[in-house]
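Colleague: For reference, the chains in residue letters:
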Amino acid sequence: MEKGHTATYDEVQKIHPLYFNIVKKRYWWFAISLVVIIPGIISLFMQGLNVGIDFKGGSMIDVNFIKPVTQAAITDTMKSVGLEGPVQLSNGNTSALIRTEALQEDKRNEFMTALQTKVGEYDKTTLKEDKVGPAMGQELTRNAFYALIIAMGLMIAYITIRFQFVFAISGIVALLHDVLVVVGLFSLFQWEINAPFVAAVLTIFGYSINDTVVIFDRIRENEAKMKRGESYEDMVDKSVWQTMRRSVNTVVTVLIALFSVFILGGESTRIFSLAMLIGVFSGAYSSIFNASQILVEIKTRMKKKPRKGRKPIRA
Amino acid sequence: MRRGNILKLVTLVLLVAAAVALSIKPLVDPVKGIPLGLDLRGGVHLVLQAEPNKNGAPITKDDIDKAKAIISNRVNDLGVSEPIVQADYDKKRVVIDLAGVTDPDKAVDILKTTAKLTFRDPQGNVMLQGNDLKDAKGGQGENGGYVVNLTFSSDGGKKFADLTTKLIGQRLGVYLDDKLLTNPTVNVPILNGQAEITGYDTLDAAAKDAVLMRSGSLPVSMSIAEKRQVGASLGVDSLHRSMQAGLYGLIFIFIFMLVFYHLPGVVADFSLIVYALIVLWIFWMFRVVLTLPGFAGFILSIGMAVDFNIIIYERVKEEIRAGKSLRAGVESGFSRAFVTVIDAHVTTFIAAMTLYTFGTGSIKGFAMTLGIGIIASLFTAITFTRLVLRLTVGINPKMKTTWFGVRREV
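These protein sequence lines are chains A and B, in that order.
Heads up: the first sequence begins at 1 in the working numbering, then just goes up one per residue.
Heads up: the second sequence begins at 316 in the working numbering, then just goes up one per residue.
Any given hint could turn out to be false.
Result set (BS3-like, lysine-lysine): computed pairs, CA atoms no more than 25 angstroms apart in a straight line [said to hold, decoys possible]:
| id | chain 1 | residue 1 | chain 2 | residue 2 |
| --- | --- | --- | --- | --- |
| 1 | B | LYS639 | A | LYS225 |
| 2 | A | LYS225 | A | LYS14 |
| 3 | B | LYS406 | A | LYS56 |
| 4 | B | LYS494 | A | LYS107 |
| 5 | A | LYS14 | A | LYS25 |
| 6 | A | LYS227 | A | LYS303 |
| 7 | A | LYS107 | B | LYS474 |
| 8 | A | LYS14 | B | LYS639 |
| 9 | B | LYS381 | B | LYS449 |
| 10 | B | LYS639 | A | LYS227 |
| 11 | B | LYS427 | A | LYS124 |
| 12 | A | LYS107 | B | LYS369 |
| 13 | B | LYS523 | A | LYS124 |
| 14 | B | LYS679 | B | LYS347 |
| 15 | B | LYS427 | B | LYS323 |
| 16 | B | LYS494 | B | LYS431 |
| 17 | A | LYS56 | B | LYS427 |
| 18 | A | LYS124 | A | LYS79 |
| 19 | B | LYS427 | A | LYS107 |
| 20 | A | LYS118 | A | LYS79 |
| 21 | B | LYS421 | A | LYS118 |
| 22 | B | LYS421 | A | LYS107 |
| 23 | B | LYS523 | B | LYS449 |
| 24 | B | LYS427 | B | LYS406 |
| 25 | A | LYS225 | A | LYS299 |
| 26 | A | LYS124 | B | LYS421 |
| 27 | A | LYS124 | A | LYS107 |
| 28 | B | LYS474 | B | LYS449 |
| 29 | B | LYS406 | B | LYS369 |
| 30 | A | LYS303 | A | LYS24 |
| 31 | A | LYS24 | A | LYS225 |
| 32 | A | LYS303 | A | LYS225 |
| 33 | B | LYS381 | B | LYS474 |
| 34 | B | LYS381 | B | LYS427 |
| 35 | B | LYS481 | B | LYS494 |
| 36 | B | LYS679 | A | LYS56 |
| 37 | B | LYS449 | B | LYS473 |
| 38 | A | LYS56 | A | LYS79 |
| 39 | A | LYS107 | B | LYS473 |
In short, the hints are calculated from the structure, not lab data.
Modelling step: build the complete structure from the supplied sequences, incorporating the hints.
Modeller: Structural data, given as C-alpha cells:
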C-alpha cells in the first residue's frame with residue numbers, strides 16, 4: 001500500500017478558511033460557558049425547577065370540549081367536588097389542561113361527570129390523562145440520579161482504559177457542562193420538566209461524549225506521532241481542526257432530526273426535543289471548545305509542576 | 316471489473332428497493348406489524364400497587380403472582396390485542412399496558428377491583444366466599460332485567476347447598492367486595508350448584524361483574540400508583556405527527572448529505588434507508604412496542620447513524636489529501652474511522668444501557684430504540700456502507716476525487 005504523509009499543522013490550517021487558534025483562546029470559551037451556566041445555577045438555587053406531576057405526583061387531565069368553556073366554570077366545578085388546582089385554556093377556549101392532586105378513581109369519575117354536566121360535553125377520544133402517585137415521582141428522580149452516576153462511572157472507566165484518566169476527566173467535565181446548561185436554562189425560563197426530560201438529559205449525556213471521544217481519538221492518534229519539540233497545545237489545536245468538519249456536520253444532521261421532531265412532533269414531545277436541541281448544541285460546543293482545552297489545561301499544569309520543588313509555580 | 320461493479324451496484328439498489336416495497340405492508344400491519352404503544356393509538360397504562368395487608372401480614376411474591384394471573388385473566392376478557400401485564404416483585408406492583416382499549420374507564424374499573432365475592436347471612440357474617448366458582452356469565456334474566464349466572468365447582472356446589480339449606484326462609488346477602496349485589500330470600504335449597512344474581516339494569520353491568528367473579532378476587536387490595544390514559548384519536552394524531560417529523564427529518568438529512576458529500580452522500584443516503592429498514596425489522600421481530608418517546612429516539616438515531624458516514628468520509632478525504640489514491644483512501648479511511656466510531660458509540664451505548672436499566676415506562680422504550688439504533692448503525696456501516704463504497708470506487712480507479720467532496724488544493 002502506498003503511503004502519503006499525514007497532514008501537517010500548517011496544511012490543516014490552510015484547509016480551513018475560518019482557521020483560528022482554538023486552543024490558545026481557551027479562556028474565552030470557558031468564559032462563554034460560565035456566562036451561560038452561572039445564571040442557570042443561581043436560578044436553580046433561587047427558584048429551582050418547575051417540576052411537573054411526573055416528579056411531584058398529581059393528576060393532569062387534558063380535555064377537549066365540544067364548545068368553548070370558561071376558566072371559572074371549570075374552577076367552580078372543581079370546587080364543587082372539593083378539588084383545586086390551575087387550569088389552562090387553549091385552542092379557542094375549547095382545550096383545558098387541568099392539574100390537581102393525585103385523584104382516586106372514585107373522585108376522578110365524580111369530577112369527570114361533573115365536568116360533563118356542569119361545564120359541557122367533551123370529546124372522549126382526545127382525552128389525555130396522567131395520574132402519578134407521589135411515591136412514583138420520587139422514584140423517577142432517584143432512578144435518574146442513579147443512572148447519571150452509574151453512566152458517568154462506566155464512561156470514566158471506558159475512557160480511562162481506551163485513552164487516559166485525564167481524558168476521562170476532561171470529557172466528564174464537558175458533559176456536566178452540557179447537563180448544567182440544559183437544566184440551568186430550564187430553571188431560568190421555568191419550563192416545566194417531565195419524565196421525557198430526564199430521558200433527554202441522559203441522552204445528551206450519552207451523545208455529547210460521543211462528539212468529545214471523536215476529537216480525543218484524533219488527539220490520541222496525533223499524540224503518538226508527536227515529534228520532539230512540538231507543543232501539546234498545537235497538536236491539540238490541529239486535532240480539533242482536523243475533526244472540525246465532522247463535528248459540525250454531525251451536529252447539523254442531528255439538529256435537523258431534532259428540529260423536525262420539535263416543530264412537527266406535536267405537544268407531547270416538545271419538552272423532550274427542546275431539551276435535546278439545547279443539549280446537542282451545548283454538547284457540540286463543549287466538545288469543540290471545552291473538552292480538549294480542559295485536557296490541555298490539565299496536561300500543561302501537570303508538566304509545569306516541578307518534580308522536587310515544594311513551591312508550585314504559578315502559570 | 317468495471318462492468319461487474321456497476322452490475323453489482325444496480326442489483327443492490329434493486330434489492331433494497333424491493334426490500335423497501337415488500338417491507339411496508341408487514342411492518343405497518345395493524346395486527347401483525349410493529350406494535351404501537353398506547354400513546355400512539357390510545358389506551359391506558361396502569362401501575363397497581365399492592366396495599367399493605369391490614370393485619371400486617373407481609374405481601375409475598377406468591378400474592379403478586381396470583382394478582383398478576385387474575386389481572387391477566389381480566390385483561391384477556393377485555394379483548395385487547397397484545398396487552399402487557401408485568402409483575403414487579405420488589406416493589407410489589409403489577410404494571411399493565413392496554414394499547415387500543417376502547418373504553419379505558421371501564422378497563423381501569425375492572426382491573427383495580429379486588430372483587431371478593433361473598434355470601435353473607437342476615438347478620439352480615441361471611442358464610443361462603445366465591446373462590447369455588449367454575450364459571451360466571453352475564454345474561455338476560457327470566458323475569459326481565461339482567462343477571463349473572465354462577466356455576467360452582469363440585470366442592471363449591473356442596474358448600475352452597477349446605478348454606479342454602481341452613482338459611483332457608485332467611486335472606487342471603489350476595490356481596491362483591493363491600494357492595495351488596497342482591498339480597499334474595501332463600502325459598503328452597505339450591506343443590507345443583509347453579510345460582511343467579513339478579514338486579515342488573517344493563518347487560519354490560521352484568522357482564523362486567525361476571526368477568527370479575529370469573530377471574531376471582533385479588534389476594535391483596537391494589538391501589539393505582541400511576542395511570543396514563545390517552546384517547547384513541549389523540550394517539551392517532553401523535554402517530555401521524557411523529558411519522559411526518561420522521562419523514563421530513565429524513566428528507567432534510569438526505570439533502571444535506573448530498574450537498575456536502577456528493578457521491579458518498581448518495582451512498583450515505585442509501586445506507587440510511589437500509590439502516591431504517593433493519594431497525595424497523597428488529598422492532599418487528601422482537602415485538603418492541605413503539606411509543607412516542609421511542610419514535611423520537613428512532614428519529615434521533617437516524618441523525619446519529621449518519622454520523623458514521625460522516626466520520627468515514629471525512630477520514631477518506633484526509634487520506635486522499637495526504638496523497639493516497641481513492642481506493643487506498645477508502646480502505647485506510649475505513650479502518651481508521653472504525654476505531655473512532657467504536658469508541659464513540661460504546662460511550663453512547665453505555666448511556667442507553669443505564670437508561671434502560673434505571674428507566675421506567677416510556678423512558679425504557681426510548682432507551683431501547685436508542686440502543687438498537689446504535690447497534691444497527693454499526694452493523695450497517697461495517698457491512699453495507701463499506702461494500703457499496705468499495706464497489707463505487709472500484710467502478711473507475713481514475714474517478715475524480717471532487718466527487719468525494721475533496722477540493723484539489725495546492
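Colleague: State for each hint whether it applies.
Modeller: Results of checking the hints against the structure:
1. B:LYS639 x A:LYS225: Holds. LYS639 (chain B) to LYS225 (chain A) sits at ~19 angstroms (cutoff 25 angstroms).
2. A:LYS225 x A:LYS14: OK: LYS225 (chain A) and LYS14 (chain A) at ~21 angstroms, within 25 angstroms.
3. B:LYS406 x A:LYS56: Holds, because 19 angstroms separates the two Cα atoms, which is no more than 25 angstroms.
4. B:LYS494 x A:LYS107: holds, 18 angstroms
5. A:LYS14 x A:LYS25: holds, 19 angstroms
6. A:LYS227 x A:LYS303: Holds, at roughly 17 angstroms.
7. A:LYS107 x B:LYS474: violated, 38 angstroms
8. A:LYS14 x B:LYS639: Within the cut-off at roughly 19 angstroms; holds.
9. B:LYS381 x B:LYS449: holds, 17 angstroms
10. B:LYS639 x A:LYS227: Since the Cα atoms of LYS639 (chain B) and LYS227 (chain A) sit roughly 23 angstroms apart, the hinted pair holds (cutoff 25 angstroms).
11. B:LYS427 x A:LYS124: holds, 21 angstroms
12. A:LYS107 x B:LYS369: Within the cut-off at roughly 23 angstroms; holds.
13. B:LYS523 x A:LYS124: The given pair, whose Cα atoms are some 21 angstroms apart, holds under the 25 angstroms limit.
14. B:LYS679 x B:LYS347: Given pair LYS679 (chain B), LYS347 (chain B) holds - Cα atoms ~22 angstroms apart, limit 25 angstroms.
15. B:LYS427 x B:LYS323: Given pair LYS427 (chain B), LYS323 (chain B) is violated - Cα atoms ~60 angstroms apart, limit 25 angstroms.
16. B:LYS494 x B:LYS431: Judged against 25 angstroms, a Cα distance of about 10 angstroms means the pair holds.
17. A:LYS56 x B:LYS427: holds, 23 angstroms
18. A:LYS124 x A:LYS79: holds, 22 angstroms
19. B:LYS427 x A:LYS107: The hint holds at about 15 angstroms.
20. A:LYS118 x A:LYS79: Holds, because 12 angstroms separates the two Cα atoms, which is no more than 25 angstroms.
21. B:LYS421 x A:LYS118: Between LYS421 (chain B) and LYS118 (chain A) the Cα gap is close to 22 angstroms, so the pair holds against 25 angstroms.
22. B:LYS421 x A:LYS107: Cα-Cα ~15 angstroms, so holds.
23. B:LYS523 x B:LYS449: Between LYS523 (chain B) and LYS449 (chain B) the Cα gap is close to 17 angstroms, so the pair holds against 25 angstroms.
24. B:LYS427 x B:LYS406: holds, 17 angstroms
25. A:LYS225 x A:LYS299: holds, 17 angstroms
26. A:LYS124 x B:LYS421: This hinted pair holds, its Cα atoms lying about 13 angstroms apart.
27. A:LYS124 x A:LYS107: holds, 18 angstroms
28. B:LYS474 x B:LYS449: holds, 14 angstroms
29. B:LYS406 x B:LYS369: holds, 18 angstroms
30. A:LYS303 x A:LYS24: holds, 17 angstroms
31. A:LYS24 x A:LYS225: holds, 21 angstroms
32. A:LYS303 x A:LYS225: holds, 19 angstroms
33. B:LYS381 x B:LYS474: holds, 24 angstroms
34. B:LYS381 x B:LYS427: Since the Cα atoms of LYS381 (chain B) and LYS427 (chain B) sit roughly 14 angstroms apart, the hinted pair holds (cutoff 25 angstroms).
35. B:LYS481 x B:LYS494: Holds, at roughly 23 angstroms.
36. B:LYS679 x A:LYS56: holds, 20 angstroms
37. B:LYS449 x B:LYS473: At roughly 13 angstroms apart (the allowed maximum being 25 angstroms), LYS473 (chain B) and LYS449 (chain B) satisfy the hint.
38. A:LYS56 x A:LYS79: holds, 22 angstroms
39. A:LYS107 x B:LYS473: Violated - the C-alpha atoms of LYS473 (chain B) and LYS107 (chain A) are around 41 angstroms apart, more than 25 angstroms.
Of the hints listed earlier, those the structure fails to meet are numbers 7, 15, 39, in rising order.
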